[in-house]
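K.L.:
First to last, the sequence lines map onto chains B and X.
Counting from 1, position 3 in the first sequence corresponds to residue 5 in our numbering; the numbering is continuous, with no gaps.
Counting from 1, position 9 in the second sequence corresponds to residue 11 in our numbering; the numbering is continuous, with no gaps.
For the record, the hints were derived by calculation from the structure and aren't laboratory data.
You may find that some hints are simply not true.
Remember, identical chains collapse to one label, so a pair may be satisfied in a single copy or spanning two.
Heads up, simulated PhoX-like pairs for lysine-lysine below, C-alpha to C-alpha not over 20 Å straight-line [unchecked claim]:
no., residue 1, residue 2
1, Lys12, Lys63
2, Lys85, Lys51
3, Lys85, Lys25
4, Lys63, Lys51
5, Lys3, Lys50
This is what each chain is made of:
Protein chains: 2
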Amino acid sequence: KGDAQAGEAKAMTCVACHGMSGKASAPLYPNIGGQSEAYLEHSLQAYKKGERSGGQAEIMKAYVSGLSDEDISNLAAYYASMKP
Amino acid sequence: KGDAQAGEAKAMTCVACHGMSGKASAPLYPNIGGQSEAYLEHSLQAYKKGERSGGQAEIMKAYVSGLSDEDISNLAAYYASMKP
Chain B
3 KGDAQAGEAK AMTCVACHGM SGKASAPLYP NIGGQSEAYL EHSLQAYKKG ERSGGQAEIM
63 KAYVSGLSDE DISNLAAYYA SMKP
Chain X
3 KGDAQAGEAK AMTCVACHGM SGKASAPLYP NIGGQSEAYL EHSLQAYKKG ERSGGQAEIM
63 KAYVSGLSDE DISNLAAYYA SMKP
C-alpha cells in the first residue's frame, strides 16, 4: 500500500490534466480521484511497461517513465484517497 | 453522443466486474460510474483496437470485440450518466 502524502509530492505533473482533486480538466482525460488504488497502480504500471498505446497513452508513458515503482504506489494511494 | 438507455441494454456482461452502478466488484477493476463519456468511449475503443494489453485487458478485448462502434458510444453514455 502506498503513502498518499508522498504521492502528493509527486503529483505536480498530474494536475494539469487530472485536476487538483482528480477531476479531469477535459473530457478526454479520466477522472481519477477516488478510483481504486489497485487499479490506479495497475494503470500506471501498464503505461510504464508499454502495455497501452494510442491517444494520450504516449504522453502518459513519457511521464510515467520517470517514476519508480514506489512513486507509482504512492501516487495511486494519493488519488485513491480523494473523493470521486 | 451515445444513447444511455440503449447502452443499458448492452451492459449485462459489464456488471459482473464493474457493478450495477459502475462501482467495481473487486479492487483491481476500475470504477466507471460517472467517468467522462469521452474517456469511456476512448478506453473501449482502445481495447477494440488492441491498444491495451496485460492484466485484465485480454478479457476486455474479448468482450469489446463483439460490440459495434454504436454499442460502445451507448455504453459510454450509460456509465457516464451514473453518479461516481
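K.L.:
Each of the hints needs a verdict: does it hold here or not?
P.N.:
Hint-by-hint comparison with the structure:
In this assembly of identical chains, the alpha carbons of Lys12 and Lys63 lie at most 20 Å apart only when taken from the same copy (16 Å versus 32 Å across copies). In this assembly of identical chains, Lys85 and Lys51 lie within 20 Å of each other by CA distance neither inside one copy nor across copies; the values are 28 Å within and 32 Å between. Taking identical chains as interchangeable, the C-alpha atoms of Lys85 and Lys25 lie at most 20 Å apart whether they share a chain (10 Å) or sit on different chains (14 Å). In this homomeric assembly, Lys63 and Lys51 come within 20 Å of each other (Cα to Cα) both inside a single copy, at 8 Å, and across copies, at 18 Å.
In this assembly of identical chains, Lys3 and Lys50 lie within 20 Å of each other by CA distance solely inside one copy; the values are 19 Å within and 32 Å between copies.
In this structure, the one hint that does not hold is number 2.
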